[in-house]
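**Q** With chain A's structure known, arrange chain B on it following the hints.
Chains as they are written, first to last, in our numbering: chain A, 1 to 222; chain B, 1 to 79.
Watch out, some of these pointers could steer you wrong.
Stated by the list, open to error - With a straight-line Cα cutoff of 27 angstroms, these simulated DSSO-like cross-link-like pairs (lysine-lysine) come out: (1) K2/B x K109/A; (2) K40/B x K2/B; (3) K64/B x K78/A; (4) K10/B x K109/A; (5) K64/B x K10/B; (6) K64/B x K2/B; (7) K10/B x K34/A; (8) K40/B x K64/B; (9) K78/A x K34/A; (10) K10/B x K155/A; (11) K40/B x K10/B; (12) K27/A x K109/A.
Bear in mind the hints are in silico, worked out from the structure with no lab data behind them.
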Amino acid sequence: MHAAVIVFPGSNCDRDLAVAFERAGAKVSMVWHKDTALPDGVDIIGVPGGFSFGDYLRCGAIAANSPICRSVVAHAEKGGYVLGICNGFQVLTETGLLPGVLLRNANLKYICKPVDLRIDTADSPFTAGYDAGQIITVPIAHHDGNYYADPETLKRLHGDARVAFTYVDNPNGSADDIAGVLSSNRRVLGMMPHPERMAEPLHGGTQGAPMFDSLVAQLANA
Amino acid sequence: MKARVHVMLKSGVLDPQGEAVRHALGQLGFDGVEGVRQGKVIELDLAETDVDTARATVTEMCDKLLANTVIESYSVEIA
Chain A
1 MHAAVIVFPG SNCDRDLAVA FERAGAKVSM VWHKDTALPD GVDIIGVPGG FSFGDYLRCG
61 AIAANSPICR SVVAHAEKGG YVLGICNGFQ VLTETGLLPG VLLRNANLKY ICKPVDLRID
121 TADSPFTAGY DAGQIITVPI AHHDGNYYAD PETLKRLHGD ARVAFTYVDN PNGSADDIAG
181 VLSSNRRVLG MMPHPERMAE PLHGGTQGAP MFDSLVAQLA NA
Chain B
1 MKARVHVMLK SGVLDPQGEA VRHALGQLGF DGVEGVRQGK VIELDLAETD VDTARATVTE
61 MCDKLLANTV IESYSVEIA
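Isolated chain A, as found in the complex:
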């Protein structure tokens, strides 16, 4: 399984994400934002956390319009897999690959702490390593993680079981406690929490690791 991790100026979780994919057995290529094409044979693209382009204009907005993001969108539109974490989630909403937007946290504070997440669906290659209803603990670290979508969109997300994760104790004001959402074909996931920071014992826990193990297992057989 071959993963590509995009690196923007201001990305700061790119290497953590690469290590998490590698630990699960993936081959990883790092791809600079000015590149226009992805390496051949990429199965999944990781859009990492950080503060791409200093969050100028809106978080994720400049990155979403960078050359490589046209290839990310094309990859997703062909049915390719994409995982956006934290700033990566913000970038994916700005490209339109995922619905909604991430607003400033309701308490206006940058929040950095472990949170409990409920797995709302195990029906995706990202969450197949968990049980629906299972609670895992994963860190968050963001200032703009307050998920917003209009009521019709929220209804559609719930109706199609596209809410992947919800916060047990909503830290940031997100609509319906939403922490992560899937695309309609379930191959694009955006989430604010950081599973790659809870993927080996030295992190203090491994509850993020099943996401990478399950992706590698499923995409290797695809």
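**A** Below, chain B alone, put in the same frame as chain A:
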């Protein structure tokens, strides 16, 4: 030719920063501020000399980058 773009959160979208400003104004003794909405102004210097073309181009810029129309509305002034 200059263009000025105003970007505001749509009504109905909670503006936590505007709310914080409202609270701070209250603490300074400014009573009766019933709502604060915070937006941004973007000024552009354009080579274009035709007003209608400039307006159309800036509108396209707003839709593609300057505003996120999921949550924001915008208005364009050409001067």
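**Q** So, for every hint listed, does it hold in this structure?
**A** Each hint tested on the structure:
1. K2/B x K109/A: The given pair, whose Cα atoms are some 36 angstroms apart, is violated under the 27 angstroms limit.
2. K40/B x K2/B: Answer holds: K40/B to K2/B is near 16 angstroms, not above 27 angstroms.
3. K64/B x K78/A: holds, 22 angstroms
4. K10/B x K109/A: It holds: about 22 angstroms lies between the C-alpha atoms, which stays within 27 angstroms.
5. K64/B x K10/B: holds, 17 angstroms
6. K64/B x K2/B: Cα-Cα ~19 angstroms, so holds.
7. K10/B x K34/A: violated, 33 angstroms
8. K40/B x K64/B: This hinted pair holds, its Cα atoms lying about 17 angstroms apart.
9. K78/A x K34/A: Measuring from Cα to Cα gives roughly 21 angstroms; hence the hint holds.
10. K10/B x K155/A: The hint holds at about 20 angstroms.
11. K40/B x K10/B: holds, 13 angstroms
12. K27/A x K109/A: Status violated; Cα separation ~37 angstroms.
Hint violations for this structure: numbers 1, 7 and 12, all remaining hints satisfied.
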